[in-house]
Amino acid sequence: MNDKWSWDYVAEILPDLLRGLLVTVQATALGAILAYALGLVLALLRRSQIPVLSQLTWAFIEVIRSTPLLVHIYFVFNVLPQFGITLSPLTSGVLAIGVHYACYTAEVYRAGIDGVPRGQWEACTALSLPRGRVWTAVILPQAIPRVLPALGNYTISMYKEVPLMFAIGVLDIVGRAQEAASESFRAVEPYTIAGLFFLALSYPAGVLVRRLERRVGYAQ
Amino acid sequence: MFGDVPGFLRTILEGASTTLAVTAGGIVFATVMSFVAGLAMLAPARSVRAVSRIYVEVWRGTSEIVQLFWIFLALPILVGIQLVPLWAGILVIGLNGGAYGAEIVRGAVQAVPRAQREGAVALNLSPFDRMRRVVLPQALVDMVPPFNNLFIQLLKGSALVSLVFLQDLTFQAQAVVLPTNTDQALTILTLLLLVYLALSIVITAAMRFLERWAAALVGRQPSTRSREVALSGGAA
Amino acid sequence: MIRFDKVVKRFGDNVVLRELDFQVRPGEHVCLIGPSGSGKTTILRLLMTLERVDSGTIDVGGECLTHMQHRGKRVPADEKHLRTVRKRIGMVFQQFNLFPNMKVLQNLTEAPVRVLGLSRDQAEQRALELLEMVGLRDRADAHPSQLSGGQQQRVAIARALAMHPDVLLLDEVTSALDPELVADVLNVLKDIAKTTDITMLIVTHEMGFAQDVADRVLMFDQGRVVEQAAPGKLFTDPDQQRTRDFLRAVLERR
Ligand SMILES: Nc1ncnc2c1ncn2[C@@H]1O[C@H](COP(=O)(O)OP(=O)(O)OP(=O)(O)O)[C@@H](O)[C@H]1O
Ligand SMILES: [Mg+2]
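Chains as they are written, first to last, in this note's numbering: chain E, 1 to 220; chain W, 1 to 236; chain Z, 1 to 254.
Bear in mind the hints are in silico, worked out from the structure with no lab data behind them. Keep in mind that the hints are not guaranteed to be accurate.
Stretch by stretch, here's where chain E covers chain W in the computed footprint (C-beta under 8 Å, at least three residues) [said to hold, decoys possible]:
id : segment
1  : 50-63
2  : 68-75
3  : 152-165
4  : 171-183
Some chain E residues near chain W, calculated using beta-carbon distances under 7 Å [to be verified]:
id : residue
5  : Y9
6  : R46
7  : Q82
8  : I85
9  : V174
10 : A187
11 : S202
12 : Y203
13 : P204
Beta-carbon label-pair distances, calculated as ranges [what the hints assert, rightly or not]:
id : chain 1 : residue 1 : chain 2 : residue 2 : range
14 : W       : R208      : Z       : S36       : 44 to 50 Å
15 : Z       : D239      : E       : R118      : 31 to 37 Å
16 : E       : E122      : Z       : G135      : 48 to 54 Å
17 : Z       : D21       : E       : V207      : 46 to 52 Å
18 : Z       : D13       : E       : R214      : 38 to 44 Å
19 : E       : R118      : Z       : S55       : 51 to 57 Å
20 : W       : N181      : E       : E12       : 39 to 45 Å
In this text, all values refer to a predicted model and were calculated from it rather than measured experimentally. All residues carry an ideal CB built from backbone N, CA and C; glycine is no exception.
Full structure from sequences and hints, please.
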């Protein structure tokens, strides 16, 4: 066993891996914020009264959901410079994952908004509330709580997919693990530790989301 | 201004056989694992339930890309066997998909009304026949739409194998065509997206067909809402 | 044929059957009546082995349903033992419980083929005879969802009979049906009662039907037999006040 697993080596690479973890968490957080915000925008565009706008949004969502995140990452990283926009690998990655997951959160918001009873809309009409107020004061406050568990689940998924950014040179956990493995020709420790990092965060997060799901379930 | 579109497309499509092999193999393997692990989670024996639960949680809890590197780079050192890259790719995609599919199977089986099982007990069918002849055929209808989503996730996940130098669609576009045509990135990557989109549409069409068949089996109209997972956020 | 001996059944703190004793002779038709929640369904479900007793024993045809001998000791029955004793018992449910993934004919042939080991031809022939008896031979190829409730229930009765049970359990088989469909189902049951020697245990609120087919009526309340008698006596001149109140309540409801 000793020649296959060395604790000394683990101790040596741990600081780098932790630095990588920090990058992964950062990228997840930024990507998630983008996905939450852009997803809401897409959901509202999807409901737009202008048919072209809602159809284009639908097509965009379907295309993104049907194609690999890895390709989207390459796309942002390689295509934007063609138009004179050069972003760092991390920014490109965050942009790609944020847009990708926005197409999932958009569906979540849509389901959440559709879940608000018709009577609420009718009451707003009866009170002749202005459109902006209808959304901010009545519909969204009711829709948001029930979409929180799903947003949580997608955030966990994002955390596990952020390492794809290593393909464009981001030094996240997997990037760091790969670096360590290629320097020392020892692959077991870095990738095992990397896997444990993911399990250690995403499993408890999953348990929390399930608890939240139950609470939201009861509230309805 | 779009560059050599037919040439790009031809080179990209040289990766189609690998993508198709990994996706199709992954779908078959993931389906088998889904049923094995999903039914094992409902087994009477506690140890069987525990083992399948651990499989599901570990595979869903770690990142697919870490699993890929682990199987490619760490496993050979630990056990001394180097898998053929294509098989290793299928193994990772399938095991990962199976962990998600297991929850689909478990949920659908549990959703079959208890009265149906009791009807089967009253006819003295064996536990095996109760599952195979009565419960599973009815659960199948509810499984098809989420499995459609899962299979599309598997197709998307297959792009990961390009990172271990399997020459799939993504590898062909990103590592073969792109480096010599960096000024044509938009065209090349758009073509790549369109190819994946086409494959997704094929999967969805096949699953629609399967759904109609399964619904007819239990004398039901197929549901029109195949994207019902939205609120549970059950993506990979 | 059936013997309950000091049977206790609890759901949590709720004691549904308290040391229940009763017996049914071979070929006898017994109706169970009593207020909602008195444990009638529970008795049938215990017999069908869909629930387990907390204590006491149940015998069917001289065989113990709840326990078996294992290395000289009496232990709770396992699945294998249950499968041998279940052969004698058939049940018809309030909600029919036909299998929606099988056509009518296959609903009737599935268990005879898989459990009794009949050939498909034999099973189909017998199934068609039974469908003839319940007046649905022409619907053999239909899906259960294409049938009315009354038709589904008649198929369910035929399905239970296809297993040649010695004992048939019927749990409020007409109470999920529209009133105009009830008569067809009851007629089928009266027919079976007259022409076969199957032991029948019937939970019903149809007092006229009970009067017609029952040899004996058991009045239940709070997990005990309050009173039992031939239907002529129990419906016209019950001994217990509790029975009188119950019968009046049932009559007023309609
Ligand atoms: N699975 C169960 N879990 C908990 N309690 C149960 C269960 N099944 C039955 N009970 C309880 O047992 C009692 C008896 O129920 P049962 O269904 O046998 O009554 P019943 O006489 O058939 O009533 P009804 O005329 O309404 O059908 C009721 O209080 C019921 O709430
Ligand atoms: Mg009842």
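Do the hints match the structure? See the list:
no., hint, result
1, 50-63, "holds (count 6)"
2, 68-75, "holds (count 4)"
3, 152-165, "holds (count 9)"
4, 171-183, "holds (count 5)"
5, Y9, "13 Å, violated"
6, R46, "12 Å, violated"
7, Q82, "5 Å, holds"
8, I85, "12 Å, violated"
9, V174, "6 Å, holds"
10, A187, "4 Å, holds"
11, S202, "5 Å, holds"
12, Y203, "5 Å, holds"
13, P204, "9 Å, violated"
14, W:R208 x Z:S36: 44 to 50 Å, "46 Å, holds"
15, Z:D239 x E:R118: 31 to 37 Å, "59 Å, violated"
16, E:E122 x Z:G135: 48 to 54 Å, "51 Å, holds"
17, Z:D21 x E:V207: 46 to 52 Å, "50 Å, holds"
18, Z:D13 x E:R214: 38 to 44 Å, "25 Å, violated"
19, E:R118 x Z:S55: 51 to 57 Å, "54 Å, holds"
20, W:N181 x E:E12: 39 to 45 Å, "41 Å, holds"
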